[in-house]
Each structure stands twice: as structure tokens, then as C-alpha cells.
Amino acid sequence: GMTHTTLSYEELQQEIDKAHPHIKNKQGKWIPCKGYSQGYYKVVSAAGMNSCVYDMSQFLIAQLGFKPQIVSQEVLALLHQPFIRAADFLVKYPYAERFQNTSYGVGWRILSYEGYTIPFHGGFMKGLTHVMALVPDKQI
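The sequence shown begins at 449 in our numbering and counts up by one.
It should be emphasised that the hints constitute simulated quantities derived from the structure, not laboratory data.
Treat the hints with care, as some may be off.
[Unchecked claim] Using 25 angstroms as the maximum straight-line C-alpha spacing, the simulated SDA-like pairs for lysine to any residue come out as follows:
(1) K482 - G571
(2) K472 - L460
(3) K466 - S499
(4) K466 - Y484
(5) K466 - F507
(6) K472 - L538
(7) K472 - M573
All figures in this text were calculated on a predicted structure; none of them were measured in a lab.
When you get a sec, could you build the whole thing from the sequences and use the hints?
The structure is reproduced here in C-alpha cells:
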């Protein structure tokens, strides 16, 4: 299971082994933030989930269909299905034209990349960023 994943600011504070947020100062040097941004945890849709590499690897393994006893193929099909058309948020990047048909799924943004469906999710809070992307057809 995901035994080192927390769902609240209070639980995160109790974790001993955790990443600490960093930002660039005016001189361009990375420095530690004074703490974690708490506002993120007050937005229900943000979920406030904190995790480690091992727990996230278990999550991604299940999302690729390798744990059908936890997440069935039917549920995966629902999660990775595009539901609502969304703005193409990668437009500022030089490779943006390779991504098409951006949509919202259930907990994922669904992208089309050179014929592949890519469930994608990114998150940010001051000093920390994460990105997950899957290529289920390639089991990546």
C-alpha cells in the first residue's frame, strides 16, 4: 500500500523524511522556503496529497493496469477517458503542437500525443512541483 502518503497539512508535518520546498532568490540561488504553503490544503479539488517516490510508483503501477485487484480495467478506462474539452495548457512550449485534444478526465488531464493517449497530472505548491504522465499503450 501507500503507507507514506498523507492527506493533510498536519499529517505532512508529522512525517520525518520529507522533501523541503525551495525557491530561487533574487540572485538566482535556490534557498529553502520558510515552510509549506498551507493554502493548498484548503482547496478541496487540490486534494492535499503528499507522497514519496515509492508510494507514487505503486500508484502508477496500478494506473498502468498491473494491479487489477486494486484498480480494474473498467475503472482505468473510466479514469483515463476524456470527458470535457480543456484549453491546451502547453501552448507556451516549443513542442506544444505535438499535443492535441486536451481534455479533462477523472483526476487526469488527457492529452493526445502523436496518436497516443496520455493521462497527465501536475501539481504545484510554493517550492515544490510534480508531474506524472502515462503512456498506457506502451505500459510506460
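Tested hints:
1. As the CA atoms of K482 and G571 are separated by approximately 20 angstroms, the hinted pair is consistent with the 25 angstroms bound.
2. Taken as a hint, the K472 and L460 pair is honoured in the structure, with Cα atoms around 23 angstroms apart against an allowance of 25 angstroms.
3. The suggested pairing of K466 with S499 holds, with an alpha-carbon distance near 9 angstroms, which does not exceed 25 angstroms.
4. Distance check on the hinted pair: K466 and Y484 sit about 11 angstroms apart at the alpha-carbon level, within 25 angstroms; holds.
5. Restraint check for K466 and F507: the C-alpha separation of about 18 angstroms stays at or below 25 angstroms, so the hint holds.
6. For the given pair, K472 sits about 23 angstroms from L538 by alpha-carbon distance, which is consistent with the 25 angstroms threshold.
7. For the proposed pair K472 and M573, the alpha carbon gap of about 14 angstroms is at most 25 angstroms, so the pair holds.
Of the hints listed earlier, there is not a single one the structure fails to meet.
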